[in-house]
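Taken in sequence, the protein lines are chains A and B.
Residue numbering for the first sequence follows the UniProt record's numbering, starting at 1 and increasing by one per position.
Residue numbering for the second sequence follows the UniProt record's numbering, starting at 1 and increasing by one per position.
Just so you know, the hints here were simulated from the structure itself, not pulled from any lab data.
Since the structure is predicted, the reported quantities are computational estimates derived from the model, not experimental observations.
One thing to keep in mind: the hints can contain errors.
Partner residues are not named here, just some residues of chain A that face chain B (Cβ under 7 Å, in silico) [unchecked claim]:
no.: 1; residue: 261
no.: 2; residue: 262
no.: 3; residue: 340
no.: 4; residue: 357
no.: 5; residue: 359
no.: 6; residue: 363
no.: 7; residue: 371
no.: 8; residue: 378
no.: 9; residue: 382
To be clear about the criterion: a stretch of chain B counts as covered by chain A if any three or more of its residues have a C-beta under 8 Å from a C-beta of chain A, and this derived list gives those stretches [to be verified]:
no.: 10; region: 259-272
no.: 11; region: 281-287
Where a beta carbon is used, it is the ideal one built from N, C-alpha and C, also for glycine.
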Amino acid sequence: MDAILEMRGITKSFPGVKALDNVSLTVARGEIHALCGENGAGKSTLMKVLSGVYPHGSFDGELVYEGEPVAFGGITDSEKRGIIIIHQELALVPELSIAENIFLGNEVAACGVIDWPETNARAEALLAKVGLRERAAAPVGGLGVGKQQLVEIAKALSKEVRLLILDEPTAALQEADSEKLLDLLMEFRAQGITSILISHKLNEISRVADRITVIRDGTAVSTIDGRDASGAHIPVEEARIVRDMVGRDMAHRYPERTPKIGRTLLEVSNWSVGHPTDPDREAIRDVSFTVAEGEVVGIAGLMGAGRTELAMSLFGRSWGRDIRGEARLKGEPIDVSTVRRAVDAGLAYVTEDRKALGLVLDDTILRNVTLAHLEGVSERGVIDGTRERQVAEKYREALGIRTPSVFQKTVNLSGGNQQKVVLGKWLFADPQVLILDEPTRGIDVGAKFEIYNIVNELAGQGRGIVMISSEMPELLGMCDRIYVMNEGAFAGELAAHEASQEKIMSMIVRA
Amino acid sequence: MTSTTDNEGGGGKPGGGGGIGAFLKGHLREYGMLLALFAIMLFFQVVTDGTLMRPVNLTNLFLQNSYIIIMALGMLLVIVAGHIDLSVGSVVAFVGGLAAVMSVHWGWPTWMVVPVCLIAGIVIGAAQGYWIAYWKIPSFIVTLAGMLVFRGLTLWLLEGQSVGPFPPSFQQLSTGFVGDVFTEGRPNWTAALLGAAGAAAIVWMAARARGRRVRYGIEDEPLGFFLAKNGLVAAAIVYVAWLLATYRGLPNVLMTMAVLICAYTFLMNSTVVGRRIYAVGGNYKAAKLSGINAERLTFLTFCNMGMLAALAGLIFAARLNTATPKAGVSFELDVIAAVFIGGASMSGGVGKIIGAVVGAFIMGVMNNGMSLLGVGIDYQQVIKGLVLLSAVIFDVYNRNKAG
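Can you make the complete structure from the sequences, with help from the hints?
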C-alpha cells in the first residue's frame with residue numbers, strides 16, 4: 001500500500017486524562033478514510049496532533065507524511081505540506097466576502113497590495129471547482145451552513161491541499177447538502193486528493209469510505225475495509241462498527257444503587273423551542289418526559305442533538321425563543337419563565353460548561369457555593385459571614401472538594417473540584433429536581449466515581465435527577481430510564497434493563 | 001479611612017507563613033497602593049517643606065477631592081459590574097446648573113433643591129442604565145452619548161452663562177464645618193474627638209474581624225503586621241483629625257464622604273446586593289444562570305452612579321459658589337483613573353471600595369502637591385497619566401505572578 005500518512009504510536013495526555021493511547025493510523029494515497037467513534041473518543045485530538053494544533057513534542061509517537069518523518073510546530077507548518085483541516089465550527093469571517101475569506105492569511109498580493117481582479121478571478125475558479133454558484137464578492141454571512149462549508153473547502157483547495165480532513169462536515173447540513181458534499185469528496189478522490197472524514201453517520205460512511213478506523217477511549221480499535229480486492233464497494237456491517245464504537249468493559253465503574261422510585265416529580269409535556277437566531281427553525285420539537293422521586297433519568301444523544309438546549313430552555317428560558325409546552329411538579333403547573341422562578345419552583349441546572357456558565361472563576365469557593373441561594377446565609381440583605389463559612393465548609397466536606405480552604409479561588413481548582421463546587425452551589429439551593437448536563441466531562445476517572453456517588457446519594461434523598469451525557473456507558477451505568485434524543489426530538493425511551501449501547505446508537509443513527 | 005473590612009477573599013494564599021516581610025510580599029497587591037499613598041504624601045511633605053500637611057492645605061485637599069472620591073464610589077460599582085460611565089463629568093455640570101436655576105432663578109430653598117437634584121441624578125442614571133442593562137448597548141457608547149447630551153443640556157440650561165452666587169445655606173454643603181460643641185475657637189475639640197473615636201472604631205472592627213478569622217484558623221496575617229498596620233492607620237487618622245481641628249474643624253464634606261465610604265464598603269463586602277454585583281461583573285452568564293436578575297442590578301448600578309454624580313455636582317457647585325457650563329470637564333477621567341489605580345479590573349468582578357478611595361487620594365495628593373510645587377499643568381498631566389499606567393502595570397504584573 002502506498003501510504004500518504006502514517007501515524008505511529010501516538011500518545012497524548014492532558015492533566016488527569018490520557019486522550020490518546022498508542023494510536024496508529026495509516027492512510028493510503030487517494031483514499032477516503034473514515035474515522036468514527038463516540039464523542040470524546042479521541043478523534044478530534046488525533047486530528048489536532050496531525051495538523052500541528054498540538055505541536056511536535058507535546059505528544060509521544062511518530063508522524064510520517066509522504067514517506068518522511070515530520071515535526072509540525074503549528075498549523076501553518078502542516079498547511080505548507082498540504083494538510084488542511086476543516087473544523088466542525090467553521091472558521092470564516094461572516095462580514096468578509098467569499099473571495100476575501102478564501103484568501104484570508106494567504107492574500108494574492110504584491111508588496112502588501114492586494115490584486116483584487118486576480119483574487120476574484122481565482123476565487124471564481126475555485127468556486128466552480130466545488131460547485132458553488134455564488135458571486136465571489138458576496139459576503140459569507142449571507143450563505144447557509146452548507147454553502148459556507150463549500151467555501152471552506154474552496155479555501156482548502158486554494159492552499160493546494162493533498163490531505164483534506166473534514167471534522168463532522170455534515171453534522172449541521174440538510175440531507176441534500178450532505179449528498180452534494182459527499183459527491184464532491186468522491187470527485188476529489190478521482191483527482192488524487194486524499195481525505196479523512198470524521199463522522200457519526202454510518203450511512204454516509206458506508207457510501208463513500210474506502211476504509212474505516214474506529215476509535216474508542218483513545219485507542220484505535222479496528223480498521224475495516226470498505227472495498228474488496230478488486231476495488232468494488234462492499235457494504236460495511238453497521239452492527240460491527242457500532243459494537244466497536246461502544247464495546248467496552250463496564251463492570252465496577254459505576255457504584256451500586258437500589259432505586260427507590262416514588263411518585264412523579266417533574267413532568268414536561270409537548271415542549272417546543274424555536275432557534276434563537278434562525279426564526280424558521282424549531283430547535284426542540286414536542287419533547288415530553290418525566291422524572292420521579294429517587295429516579296435517575298438519562299438523556300442520550302450526540303453533540304448537537306439539542307439536549308443542552310432542552311435543559312436550558314426549561315431552566316428559566318435561558319435558551320431559545322417561542323417556548324411552548326407545560327412543566328408540572330408533583331402535578332402542579334410550575335412557572336419556569338425566569339431562572340429565579342425555576343429555582344424557586346425546585347429546579348436546578350448544573351451546566352456542561354462550568355467555566356463559562358457555572359462559576360465566577362475569580363471568586364472563591366465560598367462565594368460560588370452560596371451564589372444561587374444567598375437568602376440562605378443572609379438576613380434582611382446582610383450576609384452573615386459566619387453562617388456563609390459554615391455552609392461552604394459543609395459542602396466542601398460533603399462533596400469532598402479537596403482544597404486547603406474555602407477561600408481558594410475556583411480558577412485554580414481541578415476540573416473535578418470545580419464540578420463539585422458547581423454541584424455544591426445547586427445543592428445549597430435545595431432543589432427537588434437536578435438536571436446534570438455532562439456532569440463528568442473533562443474530569444478524571446477517580447473524580448468521576450465520586451460524582452457518581454454523589455448522584456446516587458441525591459437520588460437516595462428522594463430527589464429527581466436528569467442526567468445528560470454523551471458517554472453512553474455512564475448513562476447505562478447510572479440511569480433507571482434513558483431517553484434518546486436526536487435532532488431536537490426524542491427518538492425513543494428505554495428502561496434500564498432493556499437498554500444497551502447498541503440499541504441507543506442504532507436509535508440515533510437510524511432516526 | 002483605610003482598609004479595615006477588606007478581609008473578604010483576601011486569604012487567597014494560605015500558609016504564606018514566615019515573617020512580616022514574606023507576608024507583605026504575598027499581599028503586595030493589596031497593600032501596595034496604600035503604601036504608595038503614604039510614600040507620595042511623605043515625598044510631597046518633604047519637598048514642599050511641610051506645606052502639604054498644613055491644616056489649611058489639608059482642609060483644602062479634602063474639599064478639592066471630595067467630589068472625585070464620592071463619584072469613585074459609584075464608579076467602582078459600575079466598573080465591578082463590568083461597565084464604565086463616561087457621562088459623570090457632564091452630569092456634575094448639569095446638576096450644578098439645575099441647582100443654580102432652582103436656587104438662584106426660582107429662589108427655591110436648599111432643602112428642596114438638594115433632594116430634587118439627587119432625584120434628577122437618579123433619573124439620569126436610569127435613562128442611561130436602561131439601554132445598557134435591558135438593550136445590552138455597550139455602556140461606553142451610551143455614556144459617551146450621555147456625556148455629550150448632558151454637556152449640551154447644561155449649556156442650554158445656563159444659556160452659556162455662569163449662574164451664582166448660591167444662598168449661604170447651599171454653600172454649607174461644601175464650605176461648612178462641623179461646629180464645636182465644647183468651646184469656641186481653636187483647636188476644635190469635637191473634630192479631634194471624632195477623629196479619635198473613628199480611629200478607635202476602625203481598630204476595634206479590625207480586631208473583631210481578626211478574632212473571627214483566628215477562631216476559624218484562617219488568619220495568615222502575622223500579629224506584628226496587624227498591630228503595625230492598624231497602629232499606623234489609627235495614628236494617621238488621629239493626626240489628620242488633630243491637624244484639621246487646629247484649623248476650622250471637620251468639613252461637612254469630609255463627614256459626608258466618611259459616611260458614604262463606610263456605607264458602600266458595607267454594601268460591597270457584606271450585603272447580598274454587593275455580592276451579586278461582583279458575580280454579575282465576574283461572570284454575567286453564570287450569575288444569570290444562578291437566578292440573579294443581572295439586568296436589574298446593572299440598571300440600579302447606573303441609577304446609583306447618577307445619584308452620586310448629582311451629589312458631587314451639588315458639592316462642586318457649592319464650592320465654586322457658582323454653576324458654570326464648563327464645570328466637571330474631564331472629571332470622568334479622574335474618577336475612572338482613581339478606580340483603576342485602586343486595583344479594579346477592566347473586565348469587571350474585581351475591585352474594592354477602599355481601593356478606589358485610596359486611588360482617588362493618590363490622584364488628589366499628586367494634584368495638590370504638584371500645584372504647591374508650581375509644576376506646570378502640562379507636566380502634571382503627563383505624570384498623572386504615567387502613574388495610572390504604572391499602577392495598572394503593577395497590578396497586572398502581580399496578578400500574573402500570582403497565577
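When the least beta-carbon distance from residue 359 (chain A) to chain B is tested against 7 Å, hint result: Residue 359 (chain A) check passes; min Cβ-Cβ to chain B is 6 Å, inside 7 Å.
Interface hint status, residue 340 (chain A) versus chain B (Cβ within 7 Å): 4 Å, holds
Interface restraint verdict for residue 378 (chain A) against chain B (beta-carbon cut-off 7 Å): 5 Å, holds
Coverage assertion for the region 259-272 of chain B with respect to chain A, Cβ distance below 8 Å, three residues required: n = 3 at 8 Å, threshold three: holds.
Interface hint for residue 382 (chain A), Cβ within 7 Å of any Cβ on chain B: Holds: closest Cβ of chain B sits about 6 Å from residue 382 (chain A), inside 7 Å.
Cut-off 7 Å, beta-carbon criterion: hint that residue 261 (chain A) touches chain B: 28 Å, violated
Chain B contact restraint for residue 363 (chain A) - C-beta distance below 7 Å: OK, holds: residue 363 (chain A) within 7 Å of chain B, min 6 Å.
Given hint residue 262 (chain A) near chain B, where the shortest CB pair must fall under 7 Å: 26 Å, violated
Supplied contact hint for residue 357 (chain A), tested at 7 Å Cβ to chain B: 5 Å, holds
Residues of the region 281-287 of chain B with Cβ under 8 Å from chain A, three needed, outcome: Result for this restraint: holds, n = 5.
Supplied contact hint for residue 371 (chain A), tested at 7 Å Cβ to chain B: This hint holds: residue 371 (chain A) lies near chain B, its Cβ roughly 5 Å from the closest one there, short of 7 Å.
Going through the hint list in order, the structure does not satisfy hints 1, 2.
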